[in-house]
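Colleague: The lines below spell out each chain.
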Amino acid sequence: MSETVVRINNLVKRYGDLVALDHFSLEIREGEIFGLLGPNGSGKTTTINCLLSLLSFDKGEIEIFGKKMSPVCYDIKREIGVIMQNVAVFDELTVWENIDYFCGLYIRDKAQRKQYVEEAVRFVGLEDFLKFRPKKLSGGLLRRLNIACGIAHKPKLIILDEPTVAVDPQSRNRILEGIQSLNRNGATVIYTSHYMEEVEQICTRIAIMDKGKKIAEGTKDELKRMIRNTETVTVEMLELPEDVRTELAALPHVYDTAFDGKTLTVSCSGGKHNLIRILGVLQNHELSFGRVYSELPTLNDVFLEITGTALRDKEE
Amino acid sequence: MFLHCLKYELKTSLRARDLIIWLILFPIVLGTLFKVAFGSIYEKNTLFRSIPAAVVETAENPYFRAAADAVSAGNDALFSLTYTDEQTALGLLKNKEISGILYAGDTVSLTVGGSGIQQSILKSFVEQYGISEAVIRKAAEQNPETLPAVTKALSAEITACTRVPLTDGNTDPFIQYFYNLIAMVAIFGSVTGLHIAIDYQANLSLLGARRSCASVPTAVSRTAAILGSWLTQAVCMVICVSYLAFVLKIDFGSRLPQVYLAAVLGGCMGVAMGFFIGSIGKLSQNAKVGIAMTVSMTCCFLSGLMIGNMKAILAEKVPWVNAVNPVAVISDSFYCLNLYSDYRRFTVKIITMLILTAAFTVLGIILSGRKKYASI
Chain A
10 MSETVVRINN LVKRYGDLVA LDHFSLEIRE GEIFGLLGPN GSGKTTTINC
60 LLSLLSFDKG EIEIFGKKMS PVCYDIKREI GVIMQNVAVF DELTVWENID
110 YFCGLYIRDK AQRKQYVEEA VRFVGLEDFL KFRPKKLSGG LLRRLNIACG
160 IAHKPKLIIL DEPTVAVDPQ SRNRILEGIQ SLNRNGATVI YTSHYMEEVE
210 QICTRIAIMD KGKKIAEGTK DELKRMIRNT ETVTVEMLEL PEDVRTELAA
260 LPHVYDTAFD GKTLTVSCSG GKHNLIRILG VLQNHELSFG RVYSELPTLN
310 DVFLEITGTA LRDKEE
Chain B
1465 MFLHCLKYEL KTSLRARDLI IWLILFPIVL GTLFKVAFGS IYEKNTLFRS
1515 IPAAVVETAE NPYFRAAADA VSAGNDALFS LTYTDEQTAL GLLKNKEISG
1565 ILYAGDTVSL TVGGSGIQQS ILKSFVEQYG ISEAVIRKAA EQNPETLPAV
1615 TKALSAEITA CTRVPLTDGN TDPFIQYFYN LIAMVAIFGS VTGLHIAIDY
1665 QANLSLLGAR RSCASVPTAV SRTAAILGSW LTQAVCMVIC VSYLAFVLKI
1715 DFGSRLPQVY LAAVLGGCMG VAMGFFIGSI GKLSQNAKVG IAMTVSMTCC
1765 FLSGLMIGNM KAILAEKVPW VNAVNPVAVI SDSFYCLNLY SDYRRFTVKI
1815 ITMLILTAAF TVLGIILSGR KKYASI
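Those protein sequences? They're chains A and B, same order as listed.
Offset between the first sequence (1-based) and the working numbering: plus 9.
Offset between the second sequence (1-based) and the working numbering: plus 1464.
In silico lysine-lysine, DSSO-like type, Cα no more than 30 Å apart, as pairs: (1) K1471(B) x K140(A); (2) K144(A) x K1475(B); (3) K222(A) x K1746(B).
Simulated from the structure, these hints should not be mistaken for lab results.
Generate the whole structure from the sequences, applying the supplied hints.
Modeller: Pasting the structure below:
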């Protein structure tokens, strides 16, 4: 079994009366890309800040690489790379100088540092912008610089706190591919986001957070198995007689139906050929319909079923 | 890693636009304005210049000529004399190119074109000459053997007071504005110091948070940052003093190296003061910048930058304010250099600056030494 890289036990963090982390526990193993998924304000960034010993906490324990984490554990910090939610670089320094500065906070040897900086520049694809100052870079390039500054020293544990916020799709894909590449090269990754598609795409294990609590944890398949829904069939139609709706609800594996005047939504739990059976009922009653979708459950469905609120609703 | 941090601190400081504007361009512009505004006032109204006068010789008078040549020779000549005919002399007087006409013959008389200090001096000279000439003439006629003693006695300066110059420094009263300008630039270093404190606090800046995650102890990187800022500030102070001394030709007396020393130390004190302010409490970045600027400008005001005699008023009413006001301490160190020939008072000011710098730095380090934050 893989070694535990991060262990958070019973963490409690309060801001006055607000409980930001409520007896939060977590274990992250070597080689994982671990996703912390949750809406804004769910406690993801607070968890990361506590993990990095930036924030004091009221109760609980944090261990990284088997050692209790504290602000003066510089040997542990040496092995951690941090990419913050907001870009934190020097406006007065060039791209190369920024990466070299942050790499130099971990790597003493000049020759080795030069090599690491070159590798980081290639990794994020900023070779053509080495002499540029940050203000001359686009948002996507700036994010890439931010990432290069965080990973240039080749850390064993990389923490990315919402690194794709306000990033164009092209840069976002490049960042996600980069994270997977870092993981393939041996780094354990903690990735926080409120974009469930990203988390689904790259994370090997996921913890869903809400109101400072961990509400579910597992691989994406494990999480989806936790809920009743296995398929959602959506049919665009303008008319649905009540008797037809009753017939649909009585079909095997169907546990819920909803019609809003434009769209029929049928939720199914297990079973095969649900779509064929549903369309068969509609055809039998000679009802006309438009586009039809059959979707497997998403992490949003998991969140919705566990909390009763959609992830996207919370973000707004 | 200390040298790595120091190298990048110097790079970021020297490229910071704010620093270039406020610590280099601002004193150059303000200094130039001061020079334009005050320079001519002093030269015209206060600085003594040789009095221009014409001599019209109506008869041969070698004694007067000898006396006139004596007082119009050398760098500190009393008169600037032009020997000419009466017509030309009257023309010069009419055009106000000279202050008076000395008619030298058997007797010496004076014609002036108005009243004023220069005319009074000319009158006094003519009267003094008349008395001396009469005494010498009488002695030569009655007791020629006493003539050398009489001449010697008349040449001797008889006064109950002894003139003891404190220094050979610049006595221009407007020089205080340039002292205060240097002091203000020094205290503007507080903004640099403030940013050191802010940029190393994870709860106040993103860079602070990122640095707090690094494997370099913040004490090391912060010390490098303070040293880097001192060096940058020292460069700015040297540029400022050099511009004033060599481009604007402001006369700082004969002790320019000591002026540089006081300016550089003052700059370091400014940085330390800003670092201390930035390290106090949990205020936001903007609040701390506001406090630092307010404190700096108040110190400048109290040292007389805006009202010239403010420091004198405080010295009379609340003398301790001048003793602890960093700007006043810096500008006073320049006064001490300029006005006193010994270094005693100057040394006291330098020691005061060192003590204040050390106190601000140590207190700042203590206050900002916390490792975790309750909120970010």
